[in-house]
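Engineer: This is what each chain is made of:
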Amino acid sequence: MDPIIYNKIITVGVYGSAIGLILIGLYAVLVKKHLTKIVIGLSIIDSGVHLLFIAVGFIKGGTAPIFSPKGIELVNGGAQMVDPVPQALVLTAIVIGFGVTAVALSLVIRLYRHHNTARIDHIKSLKW
Amino acid sequence: MVISPVHYIALPLFAAFLMPLLAKVNRELVKIIPGVVLVYLSVVSVILMQQVVNTGQPIVETLAGWQAPWGINLVFSQFTGFLVSLMTFMATLIWVFSYRFKKVDNEPALKYYILFMMLVTGSVGVVLTGDIFNMFVFMEITAIASYSLTSFYRDRDGAEAGFKYLLIGSLASTFMLLAILLLYTQVGTLNMAMIAERMHTVPTGMKVTILILFVTGLGIEAEMFPLNGWAPDAYSQSPSPVGATFAALVVKAGVYSLIRVIFTLFDIQGAYQYLIVMGIITLVIAEFAAMKQTNLKRMLAYSSIGQMGFVLIAFGIGTKEAVFGALFLMFNHAVIKSLLFMSGSFFVYNSTSKEINGLSGIGKKFPYMGFLFSLGAFAIVGLPPFSGFWSKLYILIAAADESMLALVAIILMVSIVEIVYYFRVVAKLYFGKPTDEEVVHKPTFGGYFSMTVLAAVILVVGFYPDLITGFLHRAADTLLDKGAYISNVLGH
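Protein chains in written order, with this note's numbering: chain A, 1 to 128; chain B, 129 to 620.
It should be emphasised that the hints constitute simulated quantities derived from the structure, not laboratory data.
Just to be clear, a hint being listed does not mean it is correct.
With a Cα cut of at most 35 Å, we get these calculated DSBU-like pairs of lysine-lysine [to be verified]:
1) B:Lys561 with B:Lys492
2) A:Lys60 with B:Lys492
3) B:Lys335 with B:Lys420
4) A:Lys33 with A:Lys124
5) B:Lys335 with A:Lys8
6) B:Lys556 with B:Lys482
7) B:Lys482 with B:Lys561
8) B:Lys335 with A:Lys32
9) A:Lys124 with B:Lys610
10) A:Lys124 with B:Lys561
11) B:Lys239 with B:Lys152
12) B:Lys493 with B:Lys482
13) A:Lys32 with B:Lys420
14) A:Lys124 with B:Lys448
15) B:Lys239 with A:Lys32
16) B:Lys493 with B:Lys448
17) A:Lys37 with B:Lys561
18) B:Lys570 with B:Lys482
19) B:Lys493 with A:Lys33
20) B:Lys152 with A:Lys124
21) B:Lys570 with B:Lys420
22) B:Lys420 with B:Lys610
23) B:Lys482 with B:Lys239
24) A:Lys124 with B:Lys335
25) B:Lys556 with A:Lys124
26) B:Lys335 with B:Lys570
27) B:Lys492 with B:Lys556
28) A:Lys37 with B:Lys335
29) A:Lys37 with B:Lys493
30) B:Lys239 with A:Lys33
31) A:Lys32 with B:Lys482
32) A:Lys33 with B:Lys482
33) B:Lys492 with B:Lys482
Here are the simulated distance ranges between beta carbons [claimed, not checked]:
34) A:Gly20 with B:Ala528: 50 to 58 Å
35) A:Gly62 with B:Gly184: 40 to 48 Å
36) B:Val548 with A:His122: 34 to 42 Å
37) A:Leu105 with B:Ala528: 51 to 59 Å
38) B:Phe551 with A:Ser17: 52 to 60 Å
39) B:Ile396 with A:Lys124: 49 to 57 Å
40) A:Ser47 with B:Trp194: 17 to 25 Å
This structure is a prediction, so every number in the text was calculated from the model and none was measured.
We put the CB at the ideal spot given by N, CA and C, even for glycine.
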């Protein structure tokens, strides 16, 4: 296959699946009634955003952004380094997402014990 | 030890992680250490503010030896310094208030103070940082601590309020992350000064998209309509000192980040008008909703949302006087709303229900508490000679100067609504028929102390507004001077 078309397919595929993940997650958060499914939806949205981050920083054929003798040699030979900033950001974002999911699940457990149900339409002591 | 803005972040965070260990040594340490840290930070605030005012230059602290565009930096300017000092002083008073707080006295005191210190770290960090992704991280620290504090009591509907808050909050943080990503692809940097410098290269359509994502993400903590559904539940279900903390720290951090993004990063025509429109909608809806409430804490929460709408309007007018008024209102809101939450919580404790009707005649049982609550109520609706009068007056003058007379009319009309629902409570306190219930929990000494200090601040600032107007004027100038911010941070 022609490498240019191949690259295009890959690019569209990666960006498309990232946006698809975000939309699937949003659907789950907005439509699903079960608390656990909502938390899973939040987690899926996070994954989509993380994938988008990685895709933005990617350069095809780029080397790792490390200032080692080998890396400097490669750059002098005309190779490009991938952008390290999005990768650093995504690591932080994954950790934060993990923390939020953990808090969310513990709240789900608390809600389940309190109301004896995990369906959001059955929990309505705080309607306004 | 050299005093630097880093202490604001390092010390509370260190204390928060040290506390589980200290609790094994001595349980009292858990309660004392946060106070030591916060009192120290208040002293730091005084020293740094003095230094900043004397030199007229902001303190820019680079972290880990990486210079400005590459590393993370902290900016302690007259504007951020003012907000940080306000937050630190309020946090100290809230610590005094909750030192022997009834419910956190026993086992969960450890959890409470850990989360409280995390909250302080996060909201102070949001204001100090000069890096947009770092701001996101601090925002998340604040948010996670707030979720947990909202659901602190097991025997209330805290978990439901906390889950609602978490749902809105984590969607918002996703939007903010997307905005940061798009911004990074456009300008290739995360440093806020550099972003502001390069912003003119970004196409307008992209700018608007990014700004909308930012506003959605940050408007949650700033309680902007329609993203404020979490606020009434969170305020009413969380422990009372936490309600004061939300009003004094979390919301301030949210408004700050929104203002920083709109004023410094973007220069879009129409963003200011957008702020005014959103502010008016927030103000009107919240004040009318507050009038309908029968639960005291929910009423205070809606009033808090309304005040934030008012702050957004004032920032949206965008002139120097208006920004000055907005900052004055933020100061007043932190002080007065904390006083209202603190004194209101004692009434709620001493009545069997949380309803306003259950407060009938309680002001006669607690004359001093009744006096403090009435003082707060008079101050927040803007009666002279209290401090709330001045902020409202300055904002109205600024609006009139810009010949936005419809805006003046709306603000004054909404003020009447505000007066109606606050005076209804005050009337109930004094002229209602006292109930025979004798469930008397006396406020602690710390409670009396912090509430008296807040009341004194309201009165003193009301009589001598010149005490703080100097700081506020300089803070407003610093916020509006974008070029100085860029050159100070980037050093050229």
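Engineer: Now tell me, hint by hint, if it's right for this structure.
Structural biologist: Evaluation of the provided hints:
1. Straight-line distance between C-alpha atoms of Lys561 of chain B and Lys492 of chain B comes to about 10 Å, which keeps the hinted pair within the 35 Å bound.
2. Using a Cα cut-off of 35 Å, the hinted pair Lys60 of chain A and Lys492 of chain B is violated, with the two alpha carbons roughly 76 Å apart.
3. At most 35 Å may separate the alpha-carbon atoms for a hinted pair to count; Lys335 of chain B and Lys420 of chain B exceed this at roughly 39 Å.
4. For the hint pairing Lys33 of chain A with Lys124 of chain A, the CA-to-CA distance comes to about 13 Å; that is within 35 Å, so the pair holds.
5. The suggested pairing of Lys335 of chain B with Lys8 of chain A holds, with an alpha-carbon distance near 26 Å, which does not exceed 35 Å.
6. Note on Lys556 of chain B and Lys482 of chain B: the hinted pairing holds, with a Cα-Cα distance of about 14 Å set against a maximum of 35 Å.
7. Taking the CA atoms of Lys482 of chain B and Lys561 of chain B, the gap is near 17 Å; set against the 35 Å cutoff, the hint holds.
8. A C-alpha spacing of about 33 Å is found between Lys335 of chain B and Lys32 of chain A, which places the hinted pair at or below 35 Å, so the restraint holds.
9. Proposed proximity of Lys124 of chain A and Lys610 of chain B is contradicted: the alpha carbons are some 47 Å apart, above 35 Å.
10. Restraint check: the Cα-Cα separation between Lys124 of chain A and Lys561 of chain B comes to about 33 Å, which is no more than 35 Å; the hinted pair holds.
11. Under the criterion of a C-alpha separation no larger than 35 Å, the hint pairing Lys239 of chain B with Lys152 of chain B is consistent with the structure, at around 14 Å.
12. Simply put, Lys493 of chain B and Lys482 of chain B have alpha-carbon atoms about 17 Å apart, close enough for the 35 Å limit, and the pair holds.
13. Between Lys32 of chain A and Lys420 of chain B the alpha-carbon distance is near 31 Å, which keeps this suggested pair within the 35 Å criterion.
14. Of the pairs offered as hints, the one joining Lys124 of chain A and Lys448 of chain B is violated, with about 45 Å between alpha carbons and a cut-off of 35 Å exceeded.
15. Simply put, Lys239 of chain B and Lys32 of chain A have alpha-carbon atoms about 32 Å apart, close enough for the 35 Å limit, and the pair holds.
16. For a cut-off of 35 Å, the pair hint linking Lys493 of chain B to Lys448 of chain B is broken: about 46 Å separates their Cα positions.
17. Only pairs whose Cα atoms come within 35 Å are accepted, and Lys37 of chain A paired with Lys561 of chain B is rejected, the gap being roughly 50 Å.
18. Restraint check for Lys570 of chain B and Lys482 of chain B: satisfied, since their Cα atoms lie roughly 17 Å apart, inside the 35 Å limit.
19. The straight-line distance between the Cα atoms of Lys493 of chain B and Lys33 of chain A is roughly 47 Å, outside the 35 Å bound, and the hint therefore fails.
20. Taking the CA atoms of Lys152 of chain B and Lys124 of chain A, the gap is near 40 Å; set against the 35 Å cutoff, the hint is violated.
21. Pair hint Lys570 of chain B plus Lys420 of chain B holds up; C-alpha atoms about 30 Å apart against a cutoff of 35 Å.
22. Pair hint Lys420 of chain B plus Lys610 of chain B does not hold up; C-alpha atoms about 42 Å apart against a cutoff of 35 Å.
23. Note on Lys482 of chain B and Lys239 of chain B: the hinted pairing holds, with a Cα-Cα distance of about 25 Å set against a maximum of 35 Å.
24. Restraint check for Lys124 of chain A and Lys335 of chain B: the C-alpha separation of about 40 Å exceeds 35 Å, so the hint is violated.
25. A threshold of 35 Å between alpha carbons decides the hint, and for Lys556 of chain B with Lys124 of chain A the separation of about 29 Å falls inside it, so the pair holds.
26. Distance restraint check for Lys335 of chain B and Lys570 of chain B: the Cα-Cα separation of roughly 55 Å exceeds the 35 Å cut-off, and the hinted pair is therefore not satisfied.
27. Only pairs whose Cα atoms come within 35 Å are accepted, and Lys492 of chain B paired with Lys556 of chain B is accepted, the gap being roughly 11 Å.
28. About 34 Å separates the Cα atoms of Lys37 of chain A and Lys335 of chain B, which keeps this hinted pair within 35 Å; it holds.
29. For the given pair, Lys37 of chain A sits about 50 Å from Lys493 of chain B by alpha-carbon distance, which is inconsistent with the 35 Å threshold.
30. For the proposed pair Lys239 of chain B and Lys33 of chain A, the alpha carbon gap of about 31 Å is at most 35 Å, so the pair holds.
31. Under the criterion of a C-alpha separation no larger than 35 Å, the hint pairing Lys32 of chain A with Lys482 of chain B is consistent with the structure, at around 33 Å.
32. For the hint linking Lys33 of chain A to Lys482 of chain B, the alpha-carbon distance of about 30 Å falls within 35 Å, and the restraint holds.
33. About 18 Å separates the Cα atoms of Lys492 of chain B and Lys482 of chain B, which keeps this hinted pair within 35 Å; it holds.
34. The given range of 50 to 58 Å is respected by Gly20 of chain A and Ala528 of chain B, whose C-beta atoms sit roughly 52 Å from each other.
35. Under the hint 40 to 48 Å, the C-beta atoms of Gly62 of chain A and Gly184 of chain B, about 46 Å apart, fit the expected range.
36. For the pair Val548 of chain B and His122 of chain A, the beta carbons lie near 36 Å from each other, so the given range of 34 to 42 Å is met.
37. Evaluation of the 51 to 59 Å hint for Leu105 of chain A and Ala528 of chain B yields a pass: the beta carbon distance comes to about 52 Å.
38. At roughly 58 Å, the beta carbons of Phe551 of chain B and Ser17 of chain A sit within the given window of 52 to 60 Å.
39. Remark: the range hint 49 to 57 Å for Ile396 of chain B to Lys124 of chain A is contradicted by a beta-carbon distance near 40 Å.
40. A C-beta distance of roughly 30 Å is found between Ser47 of chain A and Trp194 of chain B, which places it outside the suggested range of 17 to 25 Å.
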